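The listed protein sequences derive, respectively, from chains A and B.
The numbering used here numbers the first residue of the first sequence as 1 and each following residue consecutively.
The numbering used here numbers the first residue of the second sequence as 1001 and each following residue consecutively.
None of these hints come from the bench; they were simulated from the model.
What you are looking at is a predicted structure, and each value in this text was computed from that prediction instead of being measured.
Wrong hints could be hidden among the right ones.
[Stated by the list, open to error] Chain B is nowhere near these chain A residues, computed Cβ spacing over 12 angstroms in every case:
1) A17
2) N24
3) V31
[Claimed, not checked] Label pairs and their computed distance ranges (CB to CB):
4) I68/A / D1038/B: 27 to 35 angstroms
5) S26/A / T1020/B: 33 to 41 angstroms
6) K1057/B / Q45/A: 20 to 28 angstroms
7) S1080/B / H10/A: 31 to 39 angstroms
8) K1071/B / W83/A: 24 to 32 angstroms
9) S26/A / K1057/B: 16 to 24 angstroms
10) V1054/B / L114/A: 47 to 55 angstroms
11) F72/A / N1028/B: 45 to 53 angstroms
12) G29/A / D1059/B: 42 to 50 angstroms
All C-beta atoms in this analysis are idealised placements derived from N, C-alpha and C, irrespective of residue type, glycine included.
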Amino acid sequence: AQSVSQHNHHVILSEAASLELGCNYSYGGTVNLFWYVQYPGQHLQLLLKYFSGDPLVKGIKGFEAEFIKSKFSFNLRKPSVQWSDTAEYFCAVIPTGGGNKLTFGTGTQLKVEL
Amino acid sequence: EAQVTQNPRYLITVTGKKLTVTCSQNMNHEYMSWYRQDPGLGLRQIYYSMNVEVTDKGDVPEGYKVSRKEKRNFPLILESPSPNQTSLYFCASSQDRGTGELFFGEGSRLTVL
Chain A
1 AQSVSQHNHH
11 VILSEAASLE
21 LGCNYSYGGT
31 VNLFWYVQYP
41 GQHLQLLLKY
51 FSGDPLVKGI
61 KGFEAEFIKS
71 KFSFNLRKPS
81 VQWSDTAEYF
91 CAVIPTGGGN
101 KLTFGTGTQL
111 KVEL
Chain B
1001 EAQVTQNPRY
1011 LITVTGKKLT
1021 VTCSQNMNHE
1031 YMSWYRQDPG
1041 LGLRQIYYSM
1051 NVEVTDKGDV
1061 PEGYKVSRKE
1071 KRNFPLILES
1081 PSPNQTSLYF
1091 CASSQDRGTG
1101 ELFFGEGSRL
1111 TVL
């Protein structure tokens, strides 16, 4: 079975700082990878996804993530965060080709201060 | 508007009093799933359904039941709620079960006293 690790549980940044949130997964085969975001009091929304091809994927609101197969990593980045990026971020993985379960990491709470 | 609708959004109940959290999606999705979200544990899958009349256990199914009699609805049933089921519950659906691209409901915050 697959598993996901998010090493940063709480991150506090000032506006305009750069962001990188770590995500590592464990699985013996190929996977689809995701970042979901949960703004305060809201439901989860898809931020970006990787299925195949270019390992650098771009999502909404200026976020991007890079899949490094050799490191089993899918780190989330943003060059300059805004106060409105305050949210909880979840990395998730599902085996390619028909897995039944999307496995989530434990989440990273990001707080952006003005 | 495409959406997943859950009810109730907030509920306080007492131990042992049966309750149902409804979930309905209007996107004609085949795949539906229930997750619970707890601090420090992320989201854990309770049950999922590949299609009508096809359901299966996720990681934490104990104390829960589900049914899928219609494609659009996937209710979560707590036959005898206990305090350890106090949590935030999310229903989600997907057009293609294999992609992992889920559409989530707004969440149902359940407190069991």
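Outcome for the supplied range 31 to 39 angstroms, where the beta carbon pair is S1080/B and H10/A: Cβ of S1080/B to Cβ of H10/A: about 36 angstroms, so the range 31 to 39 angstroms holds.
Cβ distance range 33 to 41 angstroms for S26/A and T1020/B, holds or violated: holds (36 angstroms)
Beyond 12 angstroms from each Cβ of chain B, as asserted for N24/A: holds (14 angstroms)
Distance restraint evaluation - I68/A, D1038/B, Cβ atoms, bounds 27 to 35 angstroms: holds (30 angstroms)
No chain B beta carbon within 12 angstroms of A17/A's: holds (25 angstroms)
Cβ separation of K1071/B and W83/A, checked against the hinted range 24 to 32 angstroms: violated (41 angstroms)
Assessment of proposed distance window 45 to 53 angstroms (beta carbons of F72/A, N1028/B): violated (35 angstroms)
Cβ distance range 16 to 24 angstroms for S26/A and K1057/B, holds or violated: holds (22 angstroms)
V31/A and chain B, when compared Cβ to Cβ, separated by more than 12 angstroms: violated (9 angstroms)
42 to 50 angstroms as the expected CB spacing between D1059/B and G29/A, which holds or is violated: violated (19 angstroms)
Satisfaction of the hinted span 20 to 28 angstroms by the C-beta atoms belonging to K1057/B and Q45/A: At roughly 26 angstroms between Cβ atoms, Q45/A and K1057/B fall inside 20 to 28 angstroms, so the hint holds.
Assessment of proposed distance window 47 to 55 angstroms (beta carbons of V1054/B, L114/A): holds (49 angstroms)
Hints 3, 8, 11, 12, counting from the list given before, are not met by this structure.
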